[in-house]
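Next come the chains, spelled out residue by residue.
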Amino acid sequence: MEKKLLLEVKNLVTEFKTDDGYVKAVNDVSFTLYRGETIGIVGESGSGKSVTSLSIMRLIPNPPGRIASGQIIYHTKDGKQIDLTKLSEEDMRKYRGNEISMIFQEPMTSLNPVFTCGDQVAEAIMLHQKKTKKEANEITLKMFEKVKLPNPQRVLDAYPHQLSGGQKQRVMIAMAMSCNPNILIADEPTTALDVTVQATILDLMNQLRNEIESSVIFITHDLGVIAEIADRVIVMYKGKIVEQGAVLDIFSDPKHPYTKSLLACRPPLKIRLRKLPTVVDFMREENGQIIELPTSVSEAINAQVISKAETDARRERLLTGKTLLEVKNLKTWFPSKKNFFGKTTDWVKAVDDVSFNVQEGETLGLVGESGCGKTTLGRTILRLAPAESGEILFEGKNLLDMNASDLKDMRRHMQIIFQDPYSSLNPRMTIGNAIQEPMSVHGIYENEKVRKEKVIELLEKVNMKPEQYSRYPHEFSGGQRQRICIARALALNPRFIICDESVSALDVSVQAQVLNLLIHLREEFKFTYIFISHDLSVVKFMSDRMVVMNKGKIEEMGAADEIYNNPQQDYTKRLINAIPKGELEHIRQRITNLQPTI
Amino acid sequence: MTLGQRADTASVQAIEREFRLNQPWYKRLYFYFNDLSPVSAHKLNDENHPTYLAPNQAHFVKLFTVGEKTIVLKKPDLGRSFQSRRKVSEVLSEKVFATAILALFAMLIASVIGIVIGVFAALRQYSFWDNFILTSSVIGISQPAFFSAFLIAIIFGYYLSALTGLNHQGSLVVLNDYGDEVIVWKNLILPVIALGIRPVGIIAQLTRASMLDVLSQDYVRTARAKGLSYYKVVFKHALRNALNPVLTSISGWLAALLTGAYFIETVFNYDGLGLQTVNSLKNFDFPVVMGGVLFVAVVFVIVNIFTDILYSLLDPRVVIKG
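Protein chains in written order, with this note's numbering: chain A, 197 to 794; chain P, 4 to 325.
Hints should not be assumed to be uniformly reliable.
[Claimed, not checked] Below, computed lysine-lysine pairings styled on DSSO-like, alpha-carbon distance capped at 30 Å:
1) A/Lys273 - P/Lys235
2) A/Lys466 - A/Lys593
3) P/Lys239 - A/Lys342
4) P/Lys235 - A/Lys327
5) A/Lys436 - A/Lys722
6) P/Lys285 - P/Lys78
7) A/Lys466 - A/Lys273
8) P/Lys65 - P/Lys30
9) A/Lys330 - P/Lys235
10) P/Lys239 - A/Lys326
11) A/Lys604 - A/Lys749
12) A/Lys290 - A/Lys213
13) A/Lys777 - A/Lys661
14) A/Lys290 - P/Lys235
15) A/Lys436 - A/Lys777
16) A/Lys338 - P/Lys235
17) P/Lys78 - A/Lys282
18) A/Lys342 - A/Lys329
19) A/Lys273 - A/Lys329
20) A/Lys518 - A/Lys539
21) P/Lys235 - A/Lys282
22) A/Lys338 - P/Lys65
23) A/Lys326 - P/Lys65
24) A/Lys344 - A/Lys329
25) P/Lys90 - P/Lys30
26) P/Lys239 - A/Lys330
27) A/Lys777 - A/Lys342
28) P/Lys235 - A/Lys342
29) P/Lys235 - A/Lys329
30) P/Lys46 - P/Lys72
31) P/Lys65 - A/Lys344
32) A/Lys213 - A/Lys273
33) A/Lys329 - P/Lys239
34) P/Lys239 - P/Lys189
35) A/Lys327 - P/Lys239
36) A/Lys327 - A/Lys338
37) P/Lys30 - A/Lys290
38) P/Lys90 - P/Lys46
39) A/Lys213 - P/Lys235
These are computed hints drawn from the structure, not numbers from a lab.
Construct the complete structure from the given sequences, taking the supplied hints into account.
Structural data, given as structure tokens:
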């Protein structure tokens, strides 16, 4: 088949005005997109991949942003070439949403809360296809059926808040596809979603792409996701393209050290590693120059493999050791309906009759989809959520029977690291004070001066600099903030830490660094963790034993490797299948499957 | 006061009995609440008792009898004015119209102007006009209503009276030469402006802040990515969301304006609820003052309930549960 050019990006430079002058977010980027092709743009936050896509849509907020130079040439069906950067705003609108459309990262906030989903999709159809309201509604209904929304008629009249995250993303896809665009730009469309939902959305996008023959630019920070969907891959780092090529080539023979690190930093499923390889294993940066280290992906991974014997020995040691936490028949029910007299008549059973124990020094993984009760369980253990009944024995003492002052003492030993590093730090408190606060609340260490020294020590422990003590949270990136949260959790010298989706909001590369830090701290301080996540690959990497939760109940429990290799429940199998594999055979299989349709 | 020149002992005692001034204060308070309540206890067989209800003067339905007292269902009674001996409810209801019109117009105009300049400032953030609107709205908010009222009355109603044709004092409803009640709309203009200045400032600032917040939301970007025109994005997708907090404050202010009207009406000698209350206060006509205050309080409550209902209509995420 002859390849037809659809979009050419030539030497694109997009800048943002800051206090120190213009900063180039996208620096001299060139690539091409052919008809019917899917390219994946991969890179970490701040690498300029989203800015590239917004530049193509001409949606860069101006001021402070602007396209400084370069061309974006769009080839129309009748053979004309149009430079999108030169179009007037009004002309650009004819392409936006019609020939080029976009799906955004956050389905939760990308739909207008005060209009129904049907209205919002129909609006685009009425605008570009000049249909009446009634015709547009019919098309919308068909689109909703196409994206496999359950009960499309109901979704038509539903407001966004009445739908789940995955459903909202389907509405967004329906909106983007409604005018049969030639180019569909998907900017991290699955990042905010659970792994299982991500798998269904990727499936859907693959299907639709074949059906309507549009080209897709798929942007993500996760090479594993790219492996599921793209034909060609573009790797971006600090505003520049560092490598591009066919997906198989990139996966089998990555050239650039950054690509290698992206490939190596995903938690592997089949083997157990001591720590994850990160960017520093592959390259160093000196004065903006990248210095390549002669490590290959497999070398980096193989250096960290833990043998089965080692794993077994560690398990043996843990199981014969002391039991730190014992949870017996724990129930957390939230009232959902009340009768006239305020008596509860119905409950949401967030945690329903759950029992397990955690050995000292062990990491227990807790995995399940959103809404399965894993977060509530974590909070109930710390008594941040009220338990209905059951027992939580921490070193033999029942936390549920404790009064306020005993509990305060107990909390010194148990800490939690939350999911969102952006909202769990007080923006008006310096990070030093944030870390120091729990110390002064519990009155440990003699005075302010000793505490400050201790905080600086902690900052160094989590690989931050002492001079960052009096900075404010907004000056830090997501990964740095999560490290600050970890330092805060460590401030009280706890023995037991709950990590509640602590790495879910982070890029894969940053996630690897934070996971490594957590493991390092576990070895150094002999911590006991409960590690909560929706991503089975991350949980498996971190934990000795794993608990699979579904609808408030435990589905399965056992050694992490065993559950992965030999899952007993359908639910667990589903979680495992949903993980983007990012393995060569897998990609090869997908591409050969695709061949007949092209 | 009530008796005029003939203040003999017998008359004074009769008056004291009529207004229950011979009773201790706690009993008077009880009687007041008793009169106010739709369901109340009265002694119907003793003409001299303070809770006696004359069958020819009051409409009531007997419910049942407890001992000497009868429980009746009646309209709430605010008592009578010391001065005119007319029912307080009558005195007040005559004035409600003028005040309601004043407050509503002030609010309407303040909302329209406030929202328009608020949106304008938000769309041109950090421009000269944005800064100008921000600064002047701060001045507008900071000055007290009676201050601007005097200025406006003197400048437009007095010095420039020949030019504007407006009076610095006057009521909405006046008696003309033939003794008919006529509505003089032009007397509304200056009080409305004086009363509306502060809400304009506040609504403009609120709209600006709320609009800026909404414009940076993801769904506005989605709307733009659909290819909608600038005006459709701003006025359909953004404004609709930005207005929710503004509308709450508008209805909150509507109630507050009723109180603000007390000053304004006094300054402009505008015959409404506020002027009536202030005059009654000067004359120690307490039943009218109490009635006036009570009335404003009730309006506050009703408007706030109305606001909550309105909010649930505007924002589908808000659901009112019983």
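Taking the hints in turn, this is what the structure says about them:
For a cut-off of 30 Å, the pair hint linking A/Lys273 to P/Lys235 stands: about 29 Å separates their Cα positions. Among the hinted pairs, A/Lys466 with A/Lys593 is inconsistent with the structure: their alpha-carbon atoms are about 39 Å apart, more than 30 Å. Between P/Lys239 and A/Lys342, the direct Cα distance comes to roughly 28 Å. Compliance with the 30 Å bound is thereby established for this hinted pair. Annotation: proposed proximity of P/Lys235 to A/Lys327 holds, straight-line Cα distance about 17 Å (limit 30 Å).
Annotation: proposed proximity of A/Lys436 to A/Lys722 is violated, straight-line Cα distance about 42 Å (limit 30 Å). Between P/Lys285 and P/Lys78, the direct Cα distance comes to roughly 29 Å. Compliance with the 30 Å bound is thereby established for this hinted pair. Between the alpha carbons of A/Lys466 and A/Lys273 the distance comes to roughly 47 Å, so the proposed pair goes past 30 Å and is violated. Using a Cα cut-off of 30 Å, the hinted pair P/Lys65 and P/Lys30 holds, with the two alpha carbons roughly 23 Å apart.
A distance of roughly 20 Å separates the Cα atoms of A/Lys330 and P/Lys235; the hinted pair therefore holds under the 30 Å criterion. Pair hint P/Lys239 plus A/Lys326 holds up; C-alpha atoms about 19 Å apart against a cutoff of 30 Å. For the suggested pair A/Lys604 and A/Lys749, the alpha carbons sit about 29 Å apart, so the restraint of at most 30 Å is met. Using a Cα cut-off of 30 Å, the hinted pair A/Lys290 and A/Lys213 holds, with the two alpha carbons roughly 28 Å apart.
Between A/Lys777 and A/Lys661 the CA atoms are separated by roughly 36 Å; this puts the pair beyond 30 Å, and the hint is violated. Pair hint A/Lys290 plus P/Lys235 holds up; C-alpha atoms about 15 Å apart against a cutoff of 30 Å. Taking the CA atoms of A/Lys436 and A/Lys777, the gap is about 27 Å. The hint holds against a cut of 30 Å. For the proposed pair A/Lys338 and P/Lys235, the alpha carbon gap of about 25 Å is at most 30 Å, so the pair holds.
A hinted pair counts as satisfied when its Cα atoms are at most 30 Å apart, and P/Lys78 with A/Lys282 does not qualify at roughly 74 Å. Taking the CA atoms of A/Lys342 and A/Lys329, the gap is near 20 Å; set against the 30 Å cutoff, the hint holds. Simply put, A/Lys273 and A/Lys329 have alpha-carbon atoms about 28 Å apart, close enough for the 30 Å limit, and the pair holds. Straight-line distance between C-alpha atoms of A/Lys518 and A/Lys539 comes to about 42 Å, which puts the hinted pair past the 30 Å bound.
Annotation: proposed proximity of P/Lys235 to A/Lys282 holds, straight-line Cα distance about 23 Å (limit 30 Å). Our distance criterion of 30 Å between C-alpha atoms is broken by A/Lys338 and P/Lys65, whose separation comes to about 66 Å. Taking the CA atoms of A/Lys326 and P/Lys65, the gap is near 69 Å; set against the 30 Å cutoff, the hint is violated. The straight-line distance between the Cα atoms of A/Lys344 and A/Lys329 is roughly 22 Å, inside the 30 Å bound, and the hint therefore holds.
Restraint check for P/Lys90 and P/Lys30: the C-alpha separation of about 21 Å stays at or below 30 Å, so the hint holds. Our distance criterion of 30 Å between C-alpha atoms is met by P/Lys239 and A/Lys330, whose separation comes to about 20 Å. Using a Cα cut-off of 30 Å, the hinted pair A/Lys777 and A/Lys342 holds, with the two alpha carbons roughly 26 Å apart. For the hint linking P/Lys235 to A/Lys342, the alpha-carbon distance of about 28 Å falls within 30 Å, and the restraint holds.
For the proposed pair P/Lys235 and A/Lys329, the alpha carbon gap of about 16 Å is at most 30 Å, so the pair holds. About 5 Å separates the Cα atoms of P/Lys46 and P/Lys72, which keeps this hinted pair within 30 Å; it holds. Between the alpha carbons of P/Lys65 and A/Lys344 the distance comes to roughly 66 Å, so the proposed pair goes past 30 Å and is violated. For the hint linking A/Lys213 to A/Lys273, the alpha-carbon distance of about 36 Å lies beyond 30 Å, and the restraint is violated.
With a CA separation close to 16 Å, the supplied pair A/Lys329 and P/Lys239 stays within the 30 Å bound. Between P/Lys239 and P/Lys189 the CA atoms are separated by roughly 36 Å; this puts the pair beyond 30 Å, and the hint is violated. Between the alpha carbons of A/Lys327 and P/Lys239 the distance comes to roughly 19 Å, so the proposed pair stays at or under 30 Å and holds. The suggested pairing of A/Lys327 with A/Lys338 holds, with an alpha-carbon distance near 15 Å, which does not exceed 30 Å.
For the suggested pair P/Lys30 and A/Lys290, the alpha carbons sit about 78 Å apart, so the restraint of at most 30 Å is broken. Distance check on the hinted pair: P/Lys90 and P/Lys46 sit about 21 Å apart at the alpha-carbon level, within 30 Å; holds. Between the alpha carbons of A/Lys213 and P/Lys235 the distance comes to roughly 28 Å, so the proposed pair stays at or under 30 Å and holds.
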